[in-house]
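Same order as they appear, the protein sequences are chains G and D. No gaps in the numbering here: position 274 of the first sequence is 274 in UniProt numbering, and each next residue is one more. No gaps in the numbering here: position 244 of the second sequence is 244 in UniProt numbering, and each next residue is one more.
Keep in mind that the hints were calculated from the coordinates and are not lab data. Remember, predicted model here, so these are calculated numbers, not experimental data. Among these hints, one or two may not hold up.
Which copy is meant is left open, because identical chains are indistinguishable; a pair holds if it fits in one copy or across any two.
Said to hold, decoys possible - Pairs of lysine to aspartate or glutamate, EDC-like flavour, derived with a Cα cap of 20 Å:
hint, residue 1, residue 2
1, 20, 213
2, 122, 302
3, 104, 213
4, 122, 347
5, 104, 222
There are 2 protein chains.
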Amino acid sequence: MTVFNFSAGPAVLPVPVLLKAQSELLNYQGSGQSVLELSHRSGLFEHIIEETESLLRELLQIPDHYRVLFLQGGATLQFSMLPLNLATVRQRVDFIDTGSWSQKAMQDAEAFIQTNIVASSKADRYRSIPTDTIRSDADYLHITWNNTLEGTTFTSVPTVDVPLVADFSSSILSEPIDVSQFDVIYAGAQKNLGSAGMTLVIIKEDLLQRTPDRLGSYLRYDTHATHHSLYNTPPTYSIYLTKLVLEWIKEQGFDTIVERNRKQAASLYAYLDQSTLFSNPVAIQDRSRMNIPFTTSETELDEQFLQFAERHQLVNLKGHRSVGGMRASLYNAMPTAGVDALIAVLERFEQGER
Amino acid sequence: MTVFNFSAGPAVLPVPVLLKAQSELLNYQGSGQSVLELSHRSGLFEHIIEETESLLRELLQIPDHYRVLFLQGGATLQFSMLPLNLATVRQRVDFIDTGSWSQKAMQDAEAFIQTNIVASSKADRYRSIPTDTIRSDADYLHITWNNTLEGTTFTSVPTVDVPLVADFSSSILSEPIDVSQFDVIYAGAQKNLGSAGMTLVIIKEDLLQRTPDRLGSYLRYDTHATHHSLYNTPPTYSIYLTKLVLEWIKEQGFDTIVERNRKQAASLYAYLDQSTLFSNPVAIQDRSRMNIPFTTSETELDEQFLQFAERHQLVNLKGHRSVGGMRASLYNAMPTAGVDALIAVLERFEQGER
């Protein structure tokens with residue numbers, strides 16, 4: 001790649017994955033067909049989806065009593081599917097409010113059931129993760145593990161007596177997690193898993209019983225579980241790309257990637273913390289290793305920096321519309337060279353280059 | 001391509017589209033980024049989605065008071081979204097029953113509202129399209145324009161006083177349609193529009209008012225209309241592929257493609273009708289030009305033929321699990337050489353070759 005892409009998602013993909021996809025684009029494994037043309041009922045595609053699930057189970061050590069579903073509609077459709085399927089006993093869901101995405105999840109749930117905030121870092125302007133002891137008797141507790149906009153992350157799993165549902169969209173497979181501590185884990189693929197258009201849902205089998213009798217087939221988790229994500233045509237090419245990404249992670253070694261993510265984030269934070277121009281506002285213990293927001297103290301200077309960075313082939317560093325400033329997303333596929341280049345450009349800008 | 005792929009979907013794509021996608025896979029228009037890596041908020045992607053809509057509007061002559069939405073979840077998610085958004089006045093939907101897919105649409109609608117069959121070709125074992133005069137005072141009338149399994153197609157638009165909603169998944173852009181005669185047209189992309197993972201919805205603007213106050217954001221047509229399909233991350237690569245397919249259609253000439261589809265289907269039907277071994281059961285006036293089912297009279301012979309065809313590089317000719325036999329899907333991207341090869345292989349098999 002000729003640029004370093006810091007986009008929050010869709011985001012940078014590993015070059016070997018893109019090269020493999022390119023080489024197979026017209027003829028997948030001698031079949032004379034593109035993966036884009038494969039029937040989802042063909043043996044070739046069935047092998048792809050099975051292999052994708054098997055790699056995920058291996059890398060995340062997913063216990064057998066969890067089902068792995070490949071859906072569509074992004075995390076946003078999950079914001080509806082979760083309450084429709086799971087908030088059917090008490091019709092009430094509790095949320096830990098950690099900012100923008102947890103609020104979006106809550107607003108959608110409110111269209112169907114009652115919601116309640118059991119902890120919030122709003123008073124801290126979302127620069128930390130709440131540490132309150134959680135009490136809940138709702139149908140489930142929802143958390144957003146990594147907060148893409150605010151640059152925060154949970155580092156320990158809240159202890160509750162109700163099922164725990166976690167949005168892992170921007171940090172899945174960037175660090176080890178103990179799946180057995182969660183009841184549902186979901187994630188859009190366009191950050192660490194592959195391309196836009198596929199949503200991973202890992203759900204504890206016993207929760208499939210909660211779905212009410214009356215609900216359209218696509219919206220039911222049990223439909224997709226029963227049919228192994230092949231009830232209707234799944235996003236075949238996105239699933240194939242996820243397979244390639246998982247193969248790449250396995251080849252590199254998951255531990256190696258986790259360690260690289262730690263080091264890359266640490267070096268960017270180290271630079272920001274000693275800088276007299278740039279700064280990151282997040283409480284040190286709650287800092288995300290995937291999404292690192294930072295600013296100068298002036299909007300105009302931020303804009304100048306973004307242009308300076310772009311002239312040096314560092315793209316998509318603009319912060320989210322709602323918060324402004326800059327944001328560097330350092331997903332698994334971001335090479336160390338990219339982080340080094342970013343730090344070098346930050347230094348040059350701080351020293352007065354324009 | 002080294003084979004001819006008769007899959008009902010995901011299906012054959014035009015070779016020039018695959019070559020273009022391959023050449024741009026690592027570096028889209030000199031950006032140093034793959035389309036797979038483009039932020040959906042980037043200027044580059046915004047141009048792709050705008051161009052896709054503009055080409056669709058041009059080719060289908062979509063009037064200005066219709067909105068074009070690029071969604072996910074396939075036609076199957078539409079089976080839920082349609083009643084949730086549009087059956088909000090009388091909470092009742094009428095259906096013309098033309099077989100498997102119209103029944104699936106109806107079963108999903110029943111999870112939310114009352115349904116009613118106003119005409120059916122069940123008595124004819126779905127070998128024709130009902131010609132009954134339709135009376136409806138429901139919230140809308142739903143039809144499946146082209147029936148992928150049964151090999152039938154509507155050839156004229158039913159006249160009704162209520163909004164008309166049509167599933168065009170397997171025939172969109174294969175023939176001219178007068179969009180203004182419909183209120184909603186929807187189609188999965190994996191047959192004539194591109195790849196699995198994108199669903200096209202063309203909806204008359206005034207229907208957007210029908211959505212109830214309480215409904216999750218992804219499930220609301222007005223969410224996607226207001227945000228030009230960018231409320232959340234759309235299936236970016238599928239949209240890009242649709243753009244390439246539309247450019248290819250425009251280059252070939254839409255009329256040329258329509259004429260080719262007619263000729264190709266006509267030559268396969270002509271062979272089947274004179275054959276003493278193979279036959280197609282559909283009433284002549286209602287025959288699909290996209291999906292052509294046929295059988296010998298013996299299951300075992302069908303199986304032998306499928307193996308014979310596969311040895312001659314003709315793949316995915318197996319009929320749908322629920323009906324058996326064979327089915328040739330002749331979407332826009334199927335070259336005349338593919339249909340000629342199929343007829344030649346049918347002839348050789350009929351003459352006793354095995």
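Here's how the hints hold up against the structure:
1. Proximity of residue 20 to residue 213 under the C-alpha cut-off of 20 Å is found in neither arrangement, the shortest distances being 44 Å within a copy and 46 Å between copies.
2. Proximity of residue 122 to residue 302 under the C-alpha cut-off of 20 Å is found in neither arrangement, the shortest distances being 25 Å within a copy and 66 Å between copies.
3. Taking the closest pair of Cα atoms, residue 104 and residue 213 come within 20 Å of each other only across two copies (16 Å); inside a single copy the shortest separation is 27 Å, beyond that limit.
4. In this homomeric assembly, residue 122 and residue 347 never come within 20 Å of each other (Cα to Cα): the closest approach is 32 Å inside a single copy and 74 Å across copies.
5. For the identical chains of this complex, residue 104 and residue 222 are inter-copy neighbours only, at 17 Å across copies versus 24 Å inside a copy, given an alpha-carbon limit of 20 Å.
The structure does not agree with the numbered hints 1, 2 and 4 stated previously, though it agrees with the rest.
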